[in-house]
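Protein chains: 2
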Amino acid sequence: MSEMKWSKHEKEIARRAYDAAYQRECAAIAEKVREMAAKADDRVALWRIHDYLSEKRKETDEKYDYRYSVLLLVFVRLVREGWIKPEEIAGLSDDKMRTIRGMAEQ
Amino acid sequence: MSEMKWSKHEKEIARRAYDAAYQRECAAIAEKVREMAAKADDRVALWRIHDYLSEKRKETDEKYDYRYSVLLLVFVRLVREGWIKPEEIAGLSDDKMRTIRGMAEQ
Chain Y
0 MSEMKWSKHE KEIARRAYDA AYQRECAAIA EKVREMAAKA DDRVALWRIH
50 DYLSEKRKET DEKYDYRYSV LLLVFVRLVR EGWIKPEEIA GLSDDKMRTI
100 RGMAEQ
Chain E
0 MSEMKWSKHE KEIARRAYDA AYQRECAAIA EKVREMAAKA DDRVALWRIH
50 DYLSEKRKET DEKYDYRYSV LLLVFVRLVR EGWIKPEEIA GLSDDKMRTI
100 RGMAEQ
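Those sequence lines, one after another, are chains Y and E.
For what it's worth, numbering that gives the first Met the number 0 labels the leading residue of the first sequence as 0, then goes sequentially.
For what it's worth, numbering that gives the first Met the number 0 labels the leading residue of the second sequence as 0, then goes sequentially.
Mixed in with the good hints there might be a few duds.
Same chains, same names: a pair is fine if it fits in one copy or spans any two.
[As the list claims (entries may be wrong)] Computed cross-link-like contacts, BS3-like style, restricted to lysine-lysine with a CA-CA straight-line distance of at most 25 Å:
| # | residue 1 | residue 2 |
| --- | --- | --- |
| 1 | Lys-57 | Lys-31 |
| 2 | Lys-95 | Lys-7 |
| 3 | Lys-10 | Lys-95 |
| 4 | Lys-4 | Lys-31 |
| 5 | Lys-31 | Lys-55 |
| 6 | Lys-55 | Lys-38 |
| 7 | Lys-84 | Lys-7 |
| 8 | Lys-95 | Lys-4 |
| 9 | Lys-31 | Lys-95 |
| 10 | Lys-95 | Lys-55 |
| 11 | Lys-31 | Lys-7 |
| 12 | Lys-38 | Lys-95 |
| 13 | Lys-62 | Lys-10 |
| 14 | Lys-55 | Lys-7 |
| 15 | Lys-62 | Lys-31 |
| 16 | Lys-4 | Lys-57 |
| 17 | Lys-7 | Lys-38 |
No wet-lab data here; the hints were simulated from the structure.
Please read these numbers as outputs of a predicted model, since none were measured by experiment.
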């Protein structure tokens, strides 16, 4: 799978979908932080926000990896988790779309 | 200074002032987090909240140390930083108050 080639057009589609997913996920984390912070009235609740952000930062740092050798698997995960809708990556080659859809449904 | 004895009455005063200071400082951090989170619309701003909380957690973990051997110095710092008002620890022995006030003003 790492052998797949990405055309210039595919790279543009991929970049746009990837950036949008990253932005959406960060917006969702920020929303959760706002909810937690609204109720944080002691240090236990405060450090719970810190723990949450530590976990999410680690998770997103690992997840959002734009190397083309792993990008297809990144898209599988983002589609599976709902951060990318398959129609956002329409225009990728049939074999890539088949792989992403097939694996995302597993 | 670590030789100072703390009477039962002094311990009660100290505990109350210490807990109130800790609570105030956490409330101030929470307020700052709410301000930052209200404007966090990208990942840079989001991880800035995380960095801020990491720094404050480390700082408060070091600062709030209730061992009697270091408590006077903790109070010096908390008075200097404004988390404790000297009148909140009225009732401590004269030598303790002199030390705290004198060092806090330096």
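Each hint tested on the structure:
no., hint, in the structure
1, Lys-57 - Lys-31, "both (16 Å within a copy, 23 Å between copies)"
2, Lys-95 - Lys-7, "within (15 Å within a copy, 73 Å between copies)"
3, Lys-10 - Lys-95, "within (12 Å within a copy, 69 Å between copies)"
4, Lys-4 - Lys-31, "neither (38 Å within a copy, 47 Å between copies)"
5, Lys-31 - Lys-55, "both (11 Å within a copy, 20 Å between copies)"
6, Lys-55 - Lys-38, "both (20 Å within a copy, 18 Å between copies)"
7, Lys-84 - Lys-7, "within (21 Å within a copy, 65 Å between copies)"
8, Lys-95 - Lys-4, "within (10 Å within a copy, 74 Å between copies)"
9, Lys-31 - Lys-95, "neither (33 Å within a copy, 45 Å between copies)"
10, Lys-95 - Lys-55, "neither (28 Å within a copy, 45 Å between copies)"
11, Lys-31 - Lys-7, "neither (36 Å within a copy, 44 Å between copies)"
12, Lys-38 - Lys-95, "neither (44 Å within a copy, 37 Å between copies)"
13, Lys-62 - Lys-10, "within (18 Å within a copy, 50 Å between copies)"
14, Lys-55 - Lys-7, "neither (31 Å within a copy, 45 Å between copies)"
15, Lys-62 - Lys-31, "within (19 Å within a copy, 29 Å between copies)"
16, Lys-4 - Lys-57, "neither (29 Å within a copy, 46 Å between copies)"
17, Lys-7 - Lys-38, "neither (47 Å within a copy, 35 Å between copies)"
Violated hints, listed in ascending order, are 4, 9, 10, 11, 12, 14, 16, 17; each of the other numbered hints is respected by the structure.
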